[in-house]
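In order, the protein sequences belong to chains V and H. If you're matching positions, the first sequence starts at 1 in the numbering used here and goes up one per residue. If you're matching positions, the second sequence starts at 1 in the numbering used here and goes up one per residue.
Any given hint might turn out to be false.
Which copy? The list can't say, so a pair holds if one copy fits it or any two copies do.
Unchecked claim - Pairs of lysine to any residue residues, derived as SDA-like cross-links and limited to a Cα-Cα distance of at most 20 Å, are as follows:
1) Lys8 / Asn25
2) Lys75 / Ala102
3) Lys29 / Arg76
4) Lys8 / Val56
5) Lys75 / Val56
6) Lys8 / Leu132
7) Lys8 / Arg125
8) Lys29 / Gly144
9) Lys29 / Ser116
10) Lys8 / Ala55
11) Lys8 / Ile104
12) Lys8 / Arg112
13) Lys75 / Asp52
14) Lys29 / Ile113
15) Lys8 / Ser60
16) Lys29 / Gly122
17) Lys29 / Leu121
18) Lys8 / Asp129
19) Lys75 / Leu35
In case anyone wonders, no lab produced these hints; they're calculated from the structure. All figures in this text were calculated on a predicted structure; none of them were measured in a lab.
Number of protein chains: 2
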Amino acid sequence: MTPPVLPKPEALLCFNLYAASHAFNRAYKPLLDPLGLTYPQFLVMLSLGQQDGQAVGQLSDDLGIETNTLSPLLKRLEAAGQLRRERSQTDERRVFIHLTPAGIDTAFAAQRIPESMAAALGITRDEADSSLATLRRLRDLLNGTPRPQID
Amino acid sequence: MTPPVLPKPEALLCFNLYAASHAFNRAYKPLLDPLGLTYPQFLVMLSLGQQDGQAVGQLSDDLGIETNTLSPLLKRLEAAGQLRRERSQTDERRVFIHLTPAGIDTAFAAQRIPESMAAALGITRDEADSSLATLRRLRDLLNGTPRPQID
DNA sequence: GCTATGTATATCGCGCGCGATACAATCGCA
DNA sequence: TGCGATTGTATCGCGCGCGATATACATAGC
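Work the whole structure out from these sequences, hints included.
Spelled out as structure tokens, the structure:
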């Protein structure tokens, strides 16, 4: 029988995900501020550092951020001198994103943040990987992927 | 030695948390739309359903949402007829939030969403609780709590 | 009582996050 | 070749999320 009282948000997986995500954002902020990056901007810089010259749509797919969110975000990063936006010659609808030299420096500095955060929290690689796998499985489930058990 | 290439966001715990959180939001949206609630509004309604008459600050603490986010959110819920805002008689700085009858109905309807979502995804209570505990520990770490192993 | 300090809530500004929409460039196909 | 459908990106509107700030109320100390 259904209990007479509603569940506390604390008892819900979705709330704990929501709260942990915001907690991560708050914890990263003091480390990202010196770089002049927001958290989603940090993700974009890392993705570009990993593979430069991606189109807007590729970034959108990889990060799960809609292009209508990315467009203004990329404009702000361009205005900050971190990247260039370059129309494709062969398909003028597409826009390729390239890091500037300053952007490359920023990306390398950004790379260290997760490491130092993990170290500061005392989280081992194994713990992180384990949680990460759980979250990835959950995300695939939510995204409607028909459960690809292995990756 | 540090690898010559930057890490993919995919390999980061923080990104997977970020992405899973947004995925949850997107998955909940079609279920919340009929109730006229956003996701944070859903959390507020559940919290009030669990304990009515909370002050703004209590909601803020419990949900980890700043009062500057809650104030306009509560005004929207009041405008939607889901709750009343009532100044305390004894301390006129405080505002207590009470669900309206319509709000109580909404809260009960909202309560079913997590259950049905879990069922649709094939997630058992044990799996949810296990992930939940991991996320809670992570959140406590990030919030600077000096690691209270048990709760 | 009267000022200083602290507390509870609210307002403002800016950057997401995303649905809806716009628009140009490309593609498909008769 | 031409024209409708599709694709890639951008714009708009609204609701968070949160730092900074405001404001009213309460409390403490004198």
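Now for the hints, and whether the structure bears them out:
1. Lys8 / Asn25: between (23 Å within a copy, 18 Å between copies)
2. Lys75 / Ala102: For Lys75 and Ala102, only the intra-copy Cα distance (16 Å) is at most 20 Å; the inter-copy one is 44 Å.
3. Lys29 / Arg76: within (18 Å within a copy, 29 Å between copies)
4. Lys8 / Val56: Answer is between: at 16 Å across copies they meet the 20 Å cutoff, but 40 Å inside does not.
5. Lys75 / Val56: Only inside one copy: Lys75 and Val56 sit 11 Å apart there, 37 Å across copies, limit 20 Å.
6. Lys8 / Leu132: So Lys8 and Leu132 pass the 20 Å test across copies only (13 Å; inside, 25 Å).
7. Lys8 / Arg125: Close across copies (15 Å), not inside one copy (32 Å); limit 20 Å.
8. Lys29 / Gly144: between (32 Å within a copy, 14 Å between copies)
9. Lys29 / Ser116: within (14 Å within a copy, 35 Å between copies)
10. Lys8 / Ala55: Between. Shortest inter-copy distance 16 Å satisfies the 20 Å Cα cut-off; intra-copy 43 Å does not.
11. Lys8 / Ile104: Only across copies: Lys8 and Ile104 sit 15 Å apart there, 45 Å inside one copy, limit 20 Å.
12. Lys8 / Arg112: between (37 Å within a copy, 13 Å between copies)
13. Lys75 / Asp52: within (16 Å within a copy, 45 Å between copies)
14. Lys29 / Ile113: Answer is within; shortest intra-copy Cα gap is 10 Å, inter-copy 32 Å.
15. Lys8 / Ser60: Between copies only: 14 Å across, 34 Å inside.
16. Lys29 / Gly122: within (19 Å within a copy, 35 Å between copies)
17. Lys29 / Leu121: Answer is within; shortest intra-copy Cα gap is 15 Å, inter-copy 33 Å.
18. Lys8 / Asp129: between (29 Å within a copy, 14 Å between copies)
19. Lys75 / Leu35: Within. Shortest intra-copy distance 17 Å satisfies the 20 Å Cα cut-off; inter-copy 36 Å does not.
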